[in-house]
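Protein chains: 2
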Amino acid sequence: MDKKIREDLIDVAMGRADADLVIRNVNVIDVYSQSIFNTDVYIKDGMIASFKSGGKALKEIDAEGMYMAPGLIDAHCHIESSHLSPPEYSNAVVPMGTTTVIADPHEICNVTGLDGFEYMLRASENIPLSVFLMFPSCVPATPFEHSGATLLAEDAEKYIRDERVLGLGEMMNYPGVVNKDKEVMAKLALKEKWNKHIDGHAPSVSGSGLDGYISSGINTDHECETPEELREKVSKGMYVMLREGTACKNVLPLLPGVDEKNARRILFCTDDRQPGSIRDEGALNYGVTLAIRNGLDPILAITMATLNASECYHLEDRGAISPGKRADFLLLKDIKNGIYPEKVFIKGELVAEGQKISTRAKGYDSGKVTGRMNVKDFSRQKLSYKVPSDHVRIIGITPGGVVTSKKEGYIKREKDGEWVHDKEKDVLKLAVIERHHGTGNASTALIEGYGMKHGAVATTIAHDSHNIIVIGDNDDDMMFAVEKLIDIGGGITMFKDGKELMTHTLEIAGLMTNDTADEVAKTLEKMHEIAYSELGVSRAIDPFMTLSFMALPVIPSYKLTDVGLFDVDTFSFVENAL
Amino acid sequence: MDKKIREDLIDVAMGRADADLVIRNVNVIDVYSQSIFNTDVYIKDGMIASFKSGGKALKEIDAEGMYMAPGLIDAHCHIESSHLSPPEYSNAVVPMGTTTVIADPHEICNVTGLDGFEYMLRASENIPLSVFLMFPSCVPATPFEHSGATLLAEDAEKYIRDERVLGLGEMMNYPGVVNKDKEVMAKLALKEKWNKHIDGHAPSVSGSGLDGYISSGINTDHECETPEELREKVSKGMYVMLREGTACKNVLPLLPGVDEKNARRILFCTDDRQPGSIRDEGALNYGVTLAIRNGLDPILAITMATLNASECYHLEDRGAISPGKRADFLLLKDIKNGIYPEKVFIKGELVAEGQKISTRAKGYDSGKVTGRMNVKDFSRQKLSYKVPSDHVRIIGITPGGVVTSKKEGYIKREKDGEWVHDKEKDVLKLAVIERHHGTGNASTALIEGYGMKHGAVATTIAHDSHNIIVIGDNDDDMMFAVEKLIDIGGGITMFKDGKELMTHTLEIAGLMTNDTADEVAKTLEKMHEIAYSELGVSRAIDPFMTLSFMALPVIPSYKLTDVGLFDVDTFSFVENAL
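Quick mapping for you: the protein sequence lines, in order, are chains A and B. Residues 410 to 987, numbered by the working numbering, are exactly what the first sequence covers, in order. Residues 410 to 987, numbered by the working numbering, are exactly what the second sequence covers, in order.
I should point out that these hints are in silico values taken from the structure, not numbers from a laboratory. Check the hints yourself; a few may be wrong.
Chain copies aren't distinguished; within one or between two, either way the pair holds.
[Unchecked claim] Keeping only pairs whose Cα atoms sit at most 25 Å apart, straight-line, the calculated BS3-like set for lysine-lysine is:
hint: 1; residue 1: Lys602; residue 2: Lys567
hint: 2; residue 1: Lys765; residue 2: Lys935
hint: 3; residue 1: Lys591; residue 2: Lys413
hint: 4; residue 1: Lys567; residue 2: Lys605
hint: 5; residue 1: Lys785; residue 2: Lys658
hint: 6; residue 1: Lys602; residue 2: Lys412
hint: 7; residue 1: Lys670; residue 2: Lys745
hint: 8; residue 1: Lys589; residue 2: Lys461
hint: 9; residue 1: Lys777; residue 2: Lys567
hint: 10; residue 1: Lys931; residue 2: Lys765
hint: 11; residue 1: Lys412; residue 2: Lys589
hint: 12; residue 1: Lys589; residue 2: Lys465
hint: 13; residue 1: Lys602; residue 2: Lys413
hint: 14; residue 1: Lys756; residue 2: Lys602
hint: 15; residue 1: Lys605; residue 2: Lys862
hint: 16; residue 1: Lys591; residue 2: Lys777
The structure displayed is predicted, hence computed values, not measured ones.
Next comes chain A alone, as it looks inside the complex (with noise of 0.2 Å):
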């Protein structure tokens, strides 16, 4: 706050000056007392200055009984899964009533490293939405792929002192922490260095492990499955967050573990969410009203997704509705049965009405992180998959998860031993390209349960190195699709016997578009129905998630990097040939 704010604020509680607005007839959400209660807020400089203070206000509005309560904290997301860039981000999650985000721009990290980080942090720079971003502390994630680059300790010291950056992002690398990596304590050491921030991943670890991991200064986690694991991280000192995406959701299975004696210790957050997802539930908030209509206390579940996380990351300006914090907040008709603001404010402006942004974000240019291609001597020979015997390991999918299963079967192969498609079983052929280095790099294996029929799938969105990875059951359409991803600098393609059915364009780093939420939405639904009736894909599956984890080597069992198919559980590489 500065000195001109704090004295205009102290004029207007004094009544010696005009508040810029005052909201009257208000139940304020009191999320330090878990209470209610009935007042005027007055407005000055954007943030909160008083109560029934009497003044006057330039501007006047009547909330005629509505309930106000702070804007929300997505205590933790990846703005890159949205699809969208920041500006476009805000423009989604704003109207839903998520004013701050602490987001973790590992994705584009993984890609273009610096730039991206760099790219993060101005494109959300002058938005409505609060971004607070977490220096990546993973990039890349396994030395077992090659990603667009290499994040070191020294790399995060030149942004982690922003005030924006709140520290450093989830520390995927347990076995790095308790094995005491000399570069991931480095970039512990950082915490202290900086009085700064280091978030958690760490799903099912539990006991001395889980304590050699919080020893370490490690004190958020958004991995949690269990009540039983919720509340032995809560036990130790962990803030937990419940996470509600579009693919992991654990709101509901870990509602059981909360109540009112650990909330002060519980988050919510995204981690990933869609914009179909946003458009159609909501963002933060859905988790928030999934909690409150299974049985979580509306205020209380407020509070978690408020002073909570304002007190996890100390962005002490934020968090409750009280004197001196900005003055983002919600405006609602009911809590009881979920959180859909009428109106969002942010820094006491009116931002969106009705679920419907008033007050668009502007779109920033994305230039340095347009494209990022490098594909080496890419071509149609670089998907040959050819194997010395017809016993080979398949990547089974499971369906609703990223978790794949070992597979294993019997191939028809050409005499030189190249695989033939076999049209009565459901094995296709992945292939991951390097994409960042140049090093042409290509690997190829099979794999079962995508149910696709006949054609390509193929994207840049590959995690956590977001190499290309495509799917089919020929090499011509893999090829195409291929060179459709190099031609236009990264998306999502989809081909059928040489003709292109679909294009999802992510021309930022191959991640994300600078296309608005209902756009990429109605996009991404006509891809997902051309990709299950055209191409039929399995309808058990989402075509372009599940492919898109494929590559993900911290992940049981079978995945397949640029460098090969590897075995997560033995943490080696093995051979497509049993």
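With chain A held as given, fit chain B onto it using these hints.
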């Protein structure tokens, strides 16, 4: 946490290295979840490494199922009020379970300015008790008296960046805040500049005046007197402290305002506690005990005295029993009837047992702040009380409080107007003699309700400027008493018929001594008894504490400063004669 400690803790948790100590079979008070769990606690390098790790430890203690609570954090105190040096204060409060205090050294700073702050910082540096300091915000407390120093924002800036200085101490200048006094605004701006904290002091302030005060960035208060006041302050974003001092006792009056819903914003503090109270009742644990005995859930009470304070002041390395936190903890046989620790550990070392200190803090040379007595031209003549009328204003003592009443009466006078003591009336002479700058200032007034029959009592503890204050029925004893204090460099003394009855030397700035708490408690007990039995002071009051508040011009109604008789209600000086 430095690099080596982080790695050591991980090694212990992972069973790769021996712990320094394991406490087996403890029932940990889990302040995060408001519950209790039985475990072993492994300690390394003074920190908690893990629970039930199964690893080895160089030393074992079987706690036999005792409770383990985090060390208590006293959220606001003035060490000077104990008359003890910081090391002796540590020796006194640590056995009672206080392991961290947030101390505002405004008493010694009123006498010795930055020398006093430096002394408190250094004398509290290498002792078992963790002492964090707040830089005093209001020295002098008012412009109506001469203190030993004036501390400006630029002085604060020299110290506020120190990691043991958490911010600015209690901002008592409420009018200065809401009227935007330039110097006050400069001090408040340090909050953002150095990312620090500003403590409040807002007795009875409410409504929009409170909003203005809070808008300025102040977010604690330890002066609440009613549950309604507490509730309003919490709802508006303040952390409210339940204070249980030797003089001011707010735990029981405030307790009805505390419930499970607002408790996370409520802390405990002592403000001012004397050695006898600490020995007989306890330190911070006494307030916690009172709350428990009067119905507050013991786990919640412990949480308020630990985690809440650590959250409020961002002391993230303490306040709970969890991996990565300091091993500051108490072992307790019982929590249902109060908090009296069997054993106290600080940084993993046993420092007290059976409420007796076992590892004493070493003394610190008070060098520069010893003595500090600069009185010019003191003589019997300075005690003269000469008025042009026999109808005069009289300060009325209120037993049990520090507020005085405005009295008036008719007195006997000499021909030259000089007051003559009337043995039939309980009216005595009060004088304040400036002792810091050799101004030669002295002033006199009459006072009713002290009860003394014959003699004089003088002290250099006279809030907040700590000039010499003396009370008596005759100028000779008063003169002897003042001369004695000048001679020894400060303290408390009593004279009768020219004879010194007893003296308590306070060689550190006239406020503190290097004596132990036991010695001070015994000295004060003896002196109280002499004051009551030999001087006839009313047993309804504390002879020394009451006297020490008669010069404090921020508490109504009549007070005497070195400049003259002050009417706090009208904030102006008044004549003695009516």
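- Task: Could you tell me which of the hints above the structure violates, numbers in ascending order?
- Result: When the structure is compared with the hints, numbers 5, 15 and 16 turn out to be violated.
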